Structure formats: C-alpha cells, structure tokens
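Undergrad: Chain residues, written in single-letter form:
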Amino acid sequence: MSQLFPARSNFIAKISILAVVLFMAAIAGGLVWYIYSPAFTKVGVAIPQPVPFPHNFHIAALGLDCRYCHVGVDQSSFADLPPTETCMSCHSQIATTLASLQPVRDSYANGTPIQWNRVNSLPDYVYFNHQIHVNKGVGCETCHGRVDTETTAVRAKYFYMSTCTECHSNPEKYLRPQANIYDMGYTPSEAQMTLGAKLVKEYDIMPPNQLVDCSICHR
Amino acid sequence: MTTDNKSQEQLDLAALRKRLASQHGKNYWRSLNELAETEEFSEIVKREFPRQAQFLEEFSRRDFLKVLGASLALAGLAACSPREIGKILPYSTAPEDLIPGKPLYFASAMPKDGYGLGVLVRSEMGRPIKVDGNPRHPVSQGTSDMFMQASILDLYDPDRAKNITAQGTVKTWDDFSAALAAQSGPNLRILTGTVSSPSLADEIQAVLAKFPQAKWHQYSPLSLTRGALTQVFDQPVSVQYHFDKASVILSLDSDFLFREPGSLRYSQDFGIRRNPSESNGSMNRLYVVESSLTLTGSNADHRLAVRSADVETFARALAVRMGIQTGAPADKMPGLDWIEPLADDLLSAKGSSLVIAGERQPAIVHAIAHAINQALGAVGNTVVYTDPVESNPIDQLASLRDLSQDLDQGIVDTLLILEGNPAYTAPADLDFPGLIQKAKMSVYLGLHADETAALTTWHIPAAHYLEMWGDLRSYEGTTSIVQPLIEPLYGGKSSLEVLAILLGQKDAKGYDLVQKYWQNRLKESNFEVVWKQTLRDGFIFDIGLFPQPIAPQVNSSVLASVQQSLASDVLEITFEPDPTIWDGQYTNNAWLQELPKPLTKLTWDNAALVSPKIAQSLALNDGDIIQIKLGERSLEAPIYVQPGQAENSLAISLGYGRKQGGKVLEGTGFNAYSIRTSSAPWFAGDVQISKTGKTYQLATTRDHQSMEGRDLIRETSLAEYLQNPNFAQDSPDEQHSLYAPVNYPGHAWGMSINLGSCIGCNACVLACQAENNIPTVGKDQVSRSREMHWLRIDRYFQGSLDAPSVAFEPVPCMHCEQAPCEPVCPVGATAHNAEGINEMTYNRCVGTRYCSNNCPYKVRRFNFLKYEDDTTPSLKAMRNPDVSVRMRGVMEKCTYCIQRINAARIQAEVSGNPIKDGDVRTACQQACPTQAIVFGDLNDTSSQVRKLKDSPLTYALLGELGTKPRTTYLARVTNPNLKIKDQA
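Just so you know, the sequences run in chain order A and B.
The numbers in the working numbering rise by one with no breaks, and the one at position 157 of the first sequence is 157.
Whatever position you read off the second sequence (first residue = 1), add 219 for the working numbering.
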C-alpha cells in the first residue's frame, strides 16, 4: 500500500502546529495589549459631559480649591460632585447667559440633577475611602493627575490592584505634607524618600504588612 | 409539595428512651434523628452540603459536557467586557447635614401590635437601611428584636400595594376622598388594632363626635387579654413587670420573653439576672408551667409541661397553698409535688418574687397570679399597676362580635378598616370575610393587597412606619414620635391622614396633624424647642404623659369561681403566635420566613407540634399530614414531633396558610385561623386528629452544620458553680502547635458569647442579615442545607424526650488564630489580617469549598446560586452600601462586621483619638437584648471583652483542636431549686 500523504506533509503539519501556537500567542498578546491600551483603560480619553467644565480655568485661573466643589473629600469615603447650587453660587452672577450653562440653570430651576458621566470608577468589591487618604498625606494629584491642565476631566490612571498595593507597600514614596495635599504640580522640598520616611512617622501610617491586608479594601 | 408515599423509617422512640436512660452524665442532642442516628441524619452530617449535585440528576453526560463547555466560553467572554461607565447625579440643592457616604441616624418608633418600640434608623443618602433600638429609649435601650430588624425589608417589599383601588380599578386620592365624604352615612364603623397613639385616638374621638352614630371597634388577634384583666380588677389596668428586681419568677403559661408588649425590656431585665459571675453569685430562678415549649420555657430552671387547660389546676393548687380564698383544684395532675418547694421559694423571696399569667389563660388564672403577687408583696416592687396605656381599653373579642352583629344586620354604611387584615385573622365562626361585604362601603388601609383588600370596596395602600408621621406609647407609657425616614414609596397614607378626610381635611399632612396635636396637648410656651428635642431623642420627656400608678384589688368573685376541668386523657389544641412571623403580618417577609424558629428550627412553614408520646402511639413521623378536627371545622397540617411538648397537647402557630398579599407567602404553611373560634381563641379541648396518609416536606435546619455531639455546651448549676467556678476549664495540658505563635501588637479583636444569658431570641441572626446584605435562599434550598445566615443559633436539648432542658448556642465564625480554613485555600482568598481577623475576600474566591470542608465549626456558607436579588429596584435601595453584595460561586462568612471596624479605625486615625472600648460594636452585639454577645479589643486591658475572657467560665469551642478561636463562650449557669426533682 502506497503512502497516503507525500513526505512534504510532515513539513506542513509542523508549520501548522507552529502557526496555531503563534496564533494563540498573538491572540493572548493582543488581549494583553488591548486591556493596557487607552481603548480599554480610557486613560487620557475625553469623556463627554452634559456641561463642559474646564477644570483648568477654575483651578489655574480662578484658584479654586478642590474642596470648594468636592466637599466630602476630606470627610467621607466619597469625594462627591457639587450640588447645582454650588455652581449657581457664582453663575447666578457670572456668565448668566452662557448657552453651555443652560443645563445648570435648568437643574437649579427644576430641582433635577445634572447627569454627569463618571470619569473614575472602581469595581463594586473595592472600598476606597477618600477621607483617610487625604488626611494621611496622599495628594489628589497622585491618583487624578494634573487636573489643573484639563479642559475636560480625564482619567489619569487606570486603577489596577497593583496601583493601590504599590503605594500601600511603599507609602513613603508618595506621601506629601498636609499643606500640599491639594497642590497640583507639587515637587517635594527635599528628597522624597527622606521626606516620605518622616511623614510616615508623622502621620502614624500603619505598617505596610497591615496596609495590604485584604480587608483594608475588600469587605 | 405533598407527596403520597415517602418512605421514612419510623423512629423507635421506646428504644431512644432506653438509650437516654442508660446514659450517664450530660448528653446534648439537637433532634430525634440525631439521637436515633438515622440514615437521614448521618447523610446530613457526612456531607455538609447534602445532595448538592441534585440539579444535574436529569442531565445526560453529553448534555453536561455541552453546558460545561458553553459556561466556560461565556465565563471567558464575561471577563473581557469593559466596565460600564456609570453616571453621577449630585443634588440640585443639597439637604442639610448630609455628606454623601456618611450615614445619618434618626430616632423614631416602630409599632408592634399597637405599642411603640423606640428605634434609631440608619439612613444612607435618604435611604433607611437598618433599624436598631434607640439607646435613649427606656424600652429598647439600644437593643432590638427580630421584628425590628426585619421591618426594613417590609418597607422595601416589592409586593406592597402601589395604588389606590376601588374594586380592582386604579383610582386617585381625590376620587377616594370624594367617595368617602359623599357616601359616609351616619352608621360609620371604624375597626383598628390596639391603639396607643394619642393623636390617633384623639382624631378618632373627633370623628365619633362628628358622627354620633359612629362606633370604634378594635381587634388584634394576639391582644385578647384585656377582657380577662378588666374582669379581674373590675377596671382596666395595665400591668408592668420588673424582672430586673425579681429573684424568683413563676410563669403560668406566659411567654414573657417573646409575646408581651414589654418583651424586649423584659428580656433585658431577665438576662442581666442570669450572670452569677458578675453579680457575686446571685441570679434569678424561673419556673414555667406551659404546654408547648416556648422561648421563656426553654430558659426556665424548672419547666412543667402540662396542657394549657391544666395550668388553672396548677394555679389553684398553688393558691390554696398560699392561703388565697379560691375554689380548690378539680383534679390531680403531674407536677403538683412542685407546689410545696415552689411556694417556699416564692415566699422566701418576698418582695422580689413575682407570678405572671399568660395572655391566653382565662381570668381566674390572672386573678390567682395577681392575688399571689399581692400576698408576696410584689405589688409596687416587681409588679406595678397603672392606668391603661392603650387609648381605649376594651375587650377586643366582644368588640369584634358587636361589629359582626351590626354588619350582619346590614346597618353599617361605611366600614373603615385601619390595618390589621381582619378578613384573615378574625375568628372563623364570625365569618368576617362574608360580613365585610355587607357594609355599603368598605375601606381598607393596608400595606399589601391581602385577603381583606380583596373584599373591601376600596383599598388604600398604607404608609410603612418608616414613611409616616405619628406617635406611639410603649408598654410602660413612654410616648414616642414616629418620624418618617423617606417619602412614601408608593404614595401610602397613614391612618391619621385617612381619618382626616372625615373631618373635612382631605389634604392634611401627617406632620401637621401630629405636630398640632402635641402643640395643643403640651401647651409649652417654647414648643418649637421641645418639639425639636423630641424628634432628636425619639420620645417626649414629660412626666405627665406617663400612666398613673394605681392599686387595684382583685375581684373576689372571679377567685371564687369553680373550675371546669378537662379530663386528663383528652387531647387539647393550642394556638400560638408564630415564633417568627407573629400573627401573619410578616408572612410576606422572607427574612422572617427563613429565620429558623428558635425551638423547632423549622423554616418557611408551620406545623402541628405533637409530643413524642402522641407521635409514638399514632405511629406518626415528622411531615405526616394529619387532619385536625375541632368542632365542625377541620384543617390538614403536617406534624412535627417536638420534645418537651405536653403529652396530650397539640400546638399550631397562627399566621401561615395565607393566600393573598405577596409572592413570598405563597404556598407556605397551614392556616390555623381557619379552626380558631371566638369561643376558644387560645386553646380548646376535644380535638380529633387522624392520619391522612399524605406527607409534606418540612424544611428544618435542626441537623444542619452539626458538630457531632462533641463537648460544645458547658453548663452547671449555681450551687456547683459556687463550689467550683473553674468547672468549664479544659484540663491544663499544654497545647502544642506546629505553627509558630503570631503576635498581634495592635488591636486584637475578639468576641465573647455568654451562653447563660443568651435567651435564643434570634435578634442577632436578623441583625447580621440586615447589616451584611445576606440573601434568603427559599425553602427548597434550605432543605439542601444552603441557608446563608452567617450567624446561626444551635439549639440543644438535654435530658429526656418529654421534659428536656434547652440550651442555645449562637455560632458565628470563630476567627481562629490558627485557622484551618486558610492553609487549604488554593488562591489565598481567606487569610488573616494584622488584627487577627480571618478575612474573606470574595473577589478572589474561586469556590473550591475546601475551606468549608476544613472548618470544624461549620460556619462558612457557600453562595450556590446567586441568591441576592439584584434586579428588583426597591431591594437594591435596601442594601448596606458598606458591604459587598456577593455573587454566585463564592464562600461567605462572618467578618466580625469588618466594615464597622474599618469605619472606626478611619475615624480614629483622622481624629487622632484612638478607638475606645465600645466604639466598634458588631451588629449582633448591638441587637442582643441580654448583652450576651460582647466584642472588643483583647489587647485593651480595660475592655469588657478582655475581662470576660479572663473569667473562669470562658471556654473555647473544640479548644482541643488548637485552633485558638477568637470567639469564645462563657459557660452556662442555671439555678435549679434543689428541692425539686424534675420529671424524668
């Protein structure tokens, strides 16, 4: 009985196996590339909002403090967005006819909320608390980037678990003095590692082994 | 669920008795199955999650592989979907004091059968999410009962009535008020439950004044003692008991730890006297004479199980011994040898002893109890009489009979039923459902479209107490303001608002009605200040509002009556409030339905409880359906063999077998109201039972999570404890461990549970459920051992089948320092934190269940089927935002309320003030009326929990395993009278 397959079939078979392996590796690599790319993480991608709120103008030009609007940030787990009346505290006097502020005026008149699109979000099983971070030396900029340069708020970072554990394992690399929490473009007055070590003591930060306990964030 | 032939081996009770008799020392058992070591029991023990693969039985191998492949593919896809970006909707104008993410607390009052319980409600951005006792309120004192905890689910119940309807068509409030104003003829009848609300009573009086032919009737199916009490004293009297001052207590069929309006306070007062280690070796002693095992009976030092009808015999025998002029007992009964030592005991504690007669006992038993109290000098000390607390103290059965008569004669123009579902709860002989339809116009204000709503011409959705303004008095007279936490979800109205229509104030708001009433009543010059203070505190501090103490005399003609006794071989039936769903108003509450009843451990059903002797003589097994024939009425119900049930007595609880009013109540239990008549609302002799040959599947948790009879309960008598306070200690052998000891330099959280003061009331179980978003699983899943309660209460019997003693043991996660669950987790989803808490990370768990397999305490619960309903909007609003809602396929367990620890830690770190003892309280600890659960920092030498851990009564569950549990127990001490030898 003659052979069913010619000798070169062996080569095709080997190439096919290799092709399958390469194809799978390409898919896996593609997926990894995708989940780290802005297409997935939305880092730096402008998110449309019902009212254009230029953070850069309000912070850099007017010099508003973060807490003027995000009132709960140092008192509560949730930083919160301002109620419409906060906007109207100025905009009842300034730019009262600006067309782009019509939703704000409507909201104030009708008592209906403005529907902002979320920029940063965490999974439901992660319990992040703004209050403790802001009171213990973590600046807004550390997670949210240079908000003072943004015409539309964008994600500065995608929050992987490693984003959190990096700081929880090495808090001294990131801590700031209490006076600089809300500063944008902050540079430490001395080497960060020396300052950080001092601040860890001053703030009485928990030891890193406790800071990475699961129940610190998950419950 | 009824099946015709189910093979179940008949328990050989005679053999069980013999085995029990031959055992020496204490032997604890949880069920007859366990004692008999039946196959059913060993199956449950062998497999923690028995029959877990049962859904797949129908599958062929090929189908199974298909489903497996598909689910893998789908799981892969689900993991890749990008997260949806949500919206944030800030307020337009922010409410005062509200910081999103921080809870607010408001004081209010919860109605329970017309009386108020002070509550403090936690509100998260306008959503009430948890109800606890108000610490300042003299009745709740910060503690709660299971109904208080479950009331939050009632608020968000998706089955609540949502529209005003007239004969099925949707109408508006304007339609209704026009119809009521137009049709209200002179013969108006108002039917309410017990009313203690001063403003409501005042408004009803105003309506009665405006319509001279109108009448006010009251009926609440469990508050029928008023007639008997008024007969005893010739005047309406409210009785308050002070169990904190009582050293010797006799209960004549009274379940005062559960069913009195003052039960919550009574439980606290009773519990603090069960702690000999904290009170120099003194504690109270409780004698109970009752038919069916109740919460109170299970906490007794001496319990006599007799038919309810025989309680009178016992009371008369005691009265004769105490020298009270009364008719002699008609016959002999077992247990009369108690009388002598009991009387001596009561007399020796003169002034600090008391006798309490049960709600369902006739006037003579109440008369004897009060006569004995007077003879004992209890009046003014442990027993206080006051003017009645309720607004209109009438005999409610007589009142309902009058109303029925008027309805029957067709003279009623308008019948206004203000809550209570009387079409379902009224005695069967009155045919109330038929009579309602004889009124020309009938209006029902009720939370659900229930049996009564189906019969009335109008149904108005009622406002839940968390949605309305009102006021209530508690059993001892404290007046609380009911304030709403949320706008009515479905436009519900309060009784005040409905009655206001009749006074020509169609759109009167509840707030104005209540506020105006108190402004007139208090006549304060600075009313605004008083009012604000009242709303903050939750009750009105005004001494003039308390009922005046009086000194009524017992009517001697009641005492002189002659006993009509029941022959000793006649079978009696007793009706009881259900241990979890009460009179039927909570039948649609899934938390209460699934809460194992304290003594039977049944869920989702009631059953006819019979004694082992009756079961043996009729060859009946659990779940066999019998026909119960009482007079001309009959009912089919499954039986359940209950150790400790009086021999010739059959008990059935009210509240089940409902047909309308929601999805949860469908197909649960059997309607005992259908055979309950107005002539015998509590117990009746001469009931006939017969086997039907059918069986019914009951879902009971009594054998679940068994720790297989190891040395789990340690208890002793007071006398022995005083001789050897260290009786509970393990032998001092050094414990060796292969693992290195771990240091906990910061906080070290731990818990101590006092088995002596735990009364088994179940409040902790529901508090845990409400705090931790614990789902219910349904009857079918319960019968597969899949209930999700993180905290369970094990109930153990000890002693004989017919008169066992009972011990309760709450079992949460032990948070072992050497936790057996941790090394076996392949993904590190369960681990220890730096404060010694065994933490469970749901998002990491892959559901191997190895941890549960390795847990000696069986405290881990596996979420088999995504039990949490995350689609119903109202239920989403109820969840505690600080606790994850768990998905399918993860293991869950008690976390020591880690969210509360984290909150306290953040507060401490931000403020700079370290956490003090009491800053972190777990939900179960907060709820416990007897302070049996204490939680705190073991490294804090001044903390209460540290002191308790150092008590000689402290022992660890299965301590010999070397798991070093952080949760430990205080051994139970009971206080039996050495002169009484209990029934064998």
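Think of the hints as simulated: they come from the structure by calculation, not from any bench.
Given the structure is predicted, the values throughout are model-derived calculations rather than measurements.
Be careful, since some hints might not be right.
[Unchecked claim] Each computed BS3-like pair below joins lysine-lysine, with the alpha-carbon atoms no more than 30 Å apart: (1) Lys381/B - Lys913/B; (2) Lys237/B - Lys910/B; (3) Lys381/B - Lys910/B; (4) Lys42/A - Lys14/A; (5) Lys832/B - Lys42/A; (6) Lys728/B - Lys878/B; (7) Lys725/B - Lys659/B; (8) Lys1135/B - Lys198/A; (9) Lys157/A - Lys306/B; (10) Lys1166/B - Lys1200/B; (11) Lys201/A - Lys1135/B; (12) Lys42/A - Lys237/B; (13) Lys878/B - Lys306/B; (14) Lys429/B - Lys237/B; (15) Lys882/B - Lys832/B; (16) Lys321/B - Lys201/A; (17) Lys848/B - Lys998/B; (18) Lys321/B - Lys157/A; (19) Lys237/B - Lys434/B; (20) Lys1183/B - Lys1200/B.
[Stated by the list, open to error] Which bits of chain A does chain B cover? Going by a derived footprint, with three or more residues having C-beta under 8 Å, they are: (21) 107 to 114; (22) 126 to 139.
Built from N, CA and C at the ideal position, the CB exists for glycine as well.
Undergrad: Now tell me, hint by hint, if it's right for this structure.
TA: Here's how the hints hold up against the structure:
1. Distance check on the hinted pair: Lys381/B and Lys913/B sit about 39 Å apart at the alpha-carbon level, beyond 30 Å; violated.
2. Under the criterion of a C-alpha separation no larger than 30 Å, the hint pairing Lys237/B with Lys910/B is consistent with the structure, at around 27 Å.
3. Between the alpha carbons of Lys381/B and Lys910/B the distance comes to roughly 43 Å, so the proposed pair goes past 30 Å and is violated.
4. Distance check on the hinted pair: Lys42/A and Lys14/A sit about 41 Å apart at the alpha-carbon level, beyond 30 Å; violated.
5. Proposed proximity of Lys832/B and Lys42/A is contradicted: the alpha carbons are some 73 Å apart, above 30 Å.
6. The hinted pair formed by Lys728/B and Lys878/B fails the criterion: a straight-line CA distance of about 34 Å is larger than 30 Å.
7. For the suggested pair Lys725/B and Lys659/B, the alpha carbons sit about 21 Å apart, so the restraint of at most 30 Å is met.
8. Of the supplied pair hints, the one linking Lys1135/B and Lys198/A holds, its CA atoms being roughly 27 Å apart against a limit of 30 Å.
9. With a CA separation close to 19 Å, the supplied pair Lys157/A and Lys306/B stays within the 30 Å bound.
10. Proposed proximity of Lys1166/B and Lys1200/B is contradicted: the alpha carbons are some 36 Å apart, above 30 Å.
11. Annotation: proposed proximity of Lys201/A to Lys1135/B holds, straight-line Cα distance about 22 Å (limit 30 Å).
12. Using a Cα cut-off of 30 Å, the hinted pair Lys42/A and Lys237/B is violated, with the two alpha carbons roughly 75 Å apart.
13. Restraint check: the Cα-Cα separation between Lys878/B and Lys306/B comes to about 42 Å, which exceeds 30 Å; the hinted pair is violated.
14. Between Lys429/B and Lys237/B, the direct Cα distance comes to roughly 71 Å. Violation of the 30 Å bound is thereby established for this hinted pair.
15. In summary, the hint linking Lys882/B to Lys832/B is not supported, as the alpha carbons are separated by about 37 Å, beyond the 30 Å threshold.
16. Of the supplied pair hints, the one linking Lys321/B and Lys201/A holds, its CA atoms being roughly 28 Å apart against a limit of 30 Å.
17. Of the pairs offered as hints, the one joining Lys848/B and Lys998/B holds, with about 28 Å between alpha carbons and a cut-off of 30 Å not exceeded.
18. Between the alpha carbons of Lys321/B and Lys157/A the distance comes to roughly 26 Å, so the proposed pair stays at or under 30 Å and holds.
19. Restraint check for Lys237/B and Lys434/B: the C-alpha separation of about 62 Å exceeds 30 Å, so the hint is violated.
20. Between Lys1183/B and Lys1200/B, the direct Cα distance comes to roughly 39 Å. Violation of the 30 Å bound is thereby established for this hinted pair.
21. Using a Cβ-Cβ cut-off of 8 Å, 7 residues of the segment 107 to 114 of chain A lie near chain B, which meets the minimum of three, so the contact claim holds.
22. Counting residues of the segment 126 to 139 of chain A whose CB lies closer than 8 Å to any CB of chain B gives 6, which reaches the minimum of 3, so the coverage claim holds.
Checked against the numbered hints given earlier, the structure breaks hints 1, 3, 4, 5, 6, 10, 12, 13, 14, 15, 19, 20 and satisfies all the rest.
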